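Residue strings, one per chain:
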Amino acid sequence: MFKAIVSASTLRDSLDAVSVLVDECKIRLNEEELSIRAVDPANVGMVDLTLEAAAFESYEADGGVIGVNLTRLEEVAGMANADDLIHLELDEETRKLHIEVEGLSYTLALIDPDSIRKEPDIPDLDLPAEITLEGAQLNRGITAADMVSDHIRLRVDETDETFHIEAEGDTDDVDLQLESEDLIALTAGPADSLFSLDYLKDMNKAIASDAEVRVELGEEFPVKLHYEFAEGLGTVTFMLAPRIQSE
Amino acid sequence: MGNADLRDVAAIEEVSFDSLAGSVVAVDAHNWLYRYLTTTVKFTADSVYTTGSGEEVANLVGVVQGLPKFFEHDVTPVLVFDGGVTDLKSDEVERRREQREKAEERRKEAAAAGDGVEAARLDARTQRLTDTIHETTRGLLDRLDVPYIEAPAEGEAQCAHMAARGDVDYAGSEDYDTMVFGAPRTLRQLTSKGDPELMDLQATLDEHGITYEQLVDVALLMGTDFNEGVSGYGPKTAVKAVKEHGDIWGVMEADDVYVENADRIRELFFDPPVTDEYDVDLDVDPDIDAARAYVVDEWEVDADEVERGFERIEESLVQTGLDDWT
Chain A
1 MFKAIVSAST LRDSLDAVSV LVDECKIRLN EEELSIRAVD PANVGMVDLT LEAAAFESYE
61 ADGGVIGVNL TRLEEVAGMA NADDLIHLEL DEETRKLHIE VEGLSYTLAL IDPDSIRKEP
121 DIPDLDLPAE ITLEGAQLNR GITAADMVSD HIRLRVDETD ETFHIEAEGD TDDVDLQLES
181 EDLIALTAGP ADSLFSLDYL KDMNKAIASD AEVRVELGEE FPVKLHYEFA EGLGTVTFML
241 APRIQSE
Chain B
1 MGNADLRDVA AIEEVSFDSL AGSVVAVDAH NWLYRYLTTT VKFTADSVYT TGSGEEVANL
61 VGVVQGLPKF FEHDVTPVLV FDGGVTDLKS DEVERRREQR EKAEERRKEA AAAGDGVEAA
121 RLDARTQRLT DTIHETTRGL LDRLDVPYIE APAEGEAQCA HMAARGDVDY AGSEDYDTMV
181 FGAPRTLRQL TSKGDPELMD LQATLDEHGI TYEQLVDVAL LMGTDFNEGV SGYGPKTAVK
241 AVKEHGDIWG VMEADDVYVE NADRIRELFF DPPVTDEYDV DLDVDPDIDA ARAYVVDEWE
301 VDADEVERGF ERIEESLVQT GLDDWT
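Residue numbers (UniProt numbering), protein chains in the order written: chain A, 1 to 247; chain B, 1 to 326.
Extracted from the complex, chain A is given alone in its bound form (with noise of 0.2 Å):
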């Protein structure tokens, strides 16, 4: 059983965090509240959502899992404008979803969840620095980076207490410097890792520019970017594999 009531902003903004990395995925309807956990093909980049119940006007679910394709459920919830209030449920019987928005009725016929790639496990990782920055900061920093290079380094100087954002091109080079004072918080340590723009990007694309990013790093490691939505209903943890750096 699951009937919803949530508005366009928050579905949409739930999905784009997902749609980054796969085009289909299971979400589970758990009584308080709605999860999702994929990961790419490639299994370089994850993410794994939590929507409360509260983000929604209402909410009715026992723990079900329905299986969607996320382009479509986004066209459909591209229908709405922002404040507008989608209308969700399930039929057991024929296995589809039906929504309403704004007099609009769409049929989504759901996908079998066996058939979509196995939810990944998490890597249980113990990251060293982490530091909380502003999304429009971080989105400087890759915006820069993908001026020169496909890959971008991050990294903390625990001498100076500083952050680095940076990227190598073959002719040139950027380095986005944020100090402590710039930032909202840092817990300095041993990090920097390389990563693969074409993911950091499309991920970035999901972080509001006025959200707190959380970023857990490590020496080589994989990085962990933790944001809020829907008024902190909504928690959002992108993680994404390093490149080996080459020396």
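Just so you know, these hints were derived from the structure itself, not from any lab.
Please read all numbers here as calculations on a predicted model, not as lab measurements.
Check each hint, because a few of them may be wrong.
DEER-style ranges, computed between Cβ atoms [claimed, not checked]:
id, chain 1, residue 1, chain 2, residue 2, range
1, B, 318, A, 208, 29 to 39 Å
2, A, 84, B, 5, 50 to 60 Å
3, A, 72, B, 202, 29 to 39 Å
4, B, 4, A, 95, 29 to 39 Å
5, B, 318, A, 159, 24 to 34 Å
6, A, 118, B, 152, 31 to 41 Å
7, B, 21, A, 69, 21 to 31 Å
Stretch-level coverage of chain A by chain B, calculated; a stretch enters the list once three of its residues show a Cβ under 8 Å from a Cβ in chain B [unchecked claim]:
id, stretch
8, 35-49
9, 120-129
In silico DMTMM-like pairs for lysine to aspartate or glutamate, Cα to Cα no more than 25 Å straight-line [unchecked claim]:
id, chain 1, residue 1, chain 2, residue 2
10, A, 201, A, 182
11, A, 118, B, 200
12, B, 69, A, 40
13, B, 193, B, 307
14, B, 193, A, 23
15, B, 69, A, 198
Glycine residues also receive a C-beta, built at the ideal position from the N, C-alpha and C atoms.
Starting from the structure of chain A, add chain B where the hints point.
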């Protein structure tokens, strides 16, 4: 190539390439390379893969196109090259040679008549593995650190043997005979754009309620690389007949039909010439620069033609996966 009608007997399902991550596949090298050779020759100007002295090395383009798929999906290939041809198969080899010669004649006619498309199609069919292709394919695999072994006879039989012993997770071949040689799990369409399909021996036996020996007899009735098959015995009839009469001898007696060399061919499937003398290093550590130099400088293949493939291999080596941390 094996008998394509066996497809209707085999239990086959599509699997995603992603689900194969971490596995090892014994790939029937000739079968695999042939696919790339035909497409390369068909769609690429021959100047791209011909050296100044006229040696054709389209295989190098093929190998560089084909391998990234394995690397990107964290699948380790072990390429298995055919050894000497078994006596039984000489008919098949002879037939292929005749076909090639016929195609070559038609190709010349088509080319003379100005029919480029037909000539290109036939050109693909006249491909064969030259000594240079044998040598350079291994030379490139050496530099890419991709393991390969030499089978005593049929490559697909050796692949099946390695899979049955559990030394590899899958055999990889388009050839349905691979399952008849006893490969528990065979991956097909490894060279295609999409996902491969998995041919499962036990599921096949279960589906029809037959034993492995009976499957071999079914194949013999339908025809294999080593015999013609009996006219009128398609997938359904063959399975039914073998189930009803127990084995091929029973079918031959009851239906008054005859399969030449049946005992020898059965023996070949049950106990093909294979070797246990292989020692493959699955820790693959390619030297991309050396491979590039070999292909582009030494064998004069256009750099543009192989650059993308080398980049894909390089990329797959530096990007780690999250599963490395679970």
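If you draw a straight line from the CA of residue 201 of chain A to the CA of residue 182 of chain A, is it 25 Å or shorter?
holds, 22 Å
Starting from residue 118 of chain A, check that the Cα of residue 200 of chain B is at most 25 Å away, please.
Holds, at about 22 Å.
For residue 69 of chain B and residue 198 of chain A, compute the direct alpha-carbon distance and say whether it is at most 25 Å.
holds, 20 Å
If you check the beta carbons of residue 118 of chain A and residue 152 of chain B, does the distance land in 31 to 41 Å?
holds, 40 Å
Residue 69 of chain B paired with residue 40 of chain A [C-alpha distance capped at 25 Å]:
Holds, at roughly 16 Å.
Given hint residue 23 of chain A paired with residue 193 of chain B - CA-CA distance at most 25 Å:
holds, 19 Å
Given a hint of 29 to 39 Å, does the C-beta separation of residue 72 of chain A and residue 202 of chain B actually sit inside it?
Since residue 72 of chain A and residue 202 of chain B have Cβ atoms about 38 Å apart, the given range 29 to 39 Å holds.
Given that the stretch 120-129 of chain A was listed as covered by chain B, double-check it with a C-beta distance under 8 Å for 3 or more residues.
holds (count 6)
Using the Cβ atoms, figure out if residue 4 of chain B sits within 29 to 39 Å of residue 95 of chain A.
Distance hint for residue 4 of chain B, residue 95 of chain A holds at roughly 37 Å.
Mind taking a look at whether chain B covers the stretch 35-49 of chain A? Criterion is 3 or more residues with CB to CB distance under 8 Å.
Result for this restraint: holds, n = 7.
Between the beta carbons of residue 318 of chain B and residue 208 of chain A, is the distance compatible with 29 to 39 Å?
holds, 31 Å
Between residue 84 of chain A and residue 5 of chain B, does the beta-carbon spacing fit 50 to 60 Å?
holds, 57 Å
Consistency note: the structure conflicts with none of the earlier hints.
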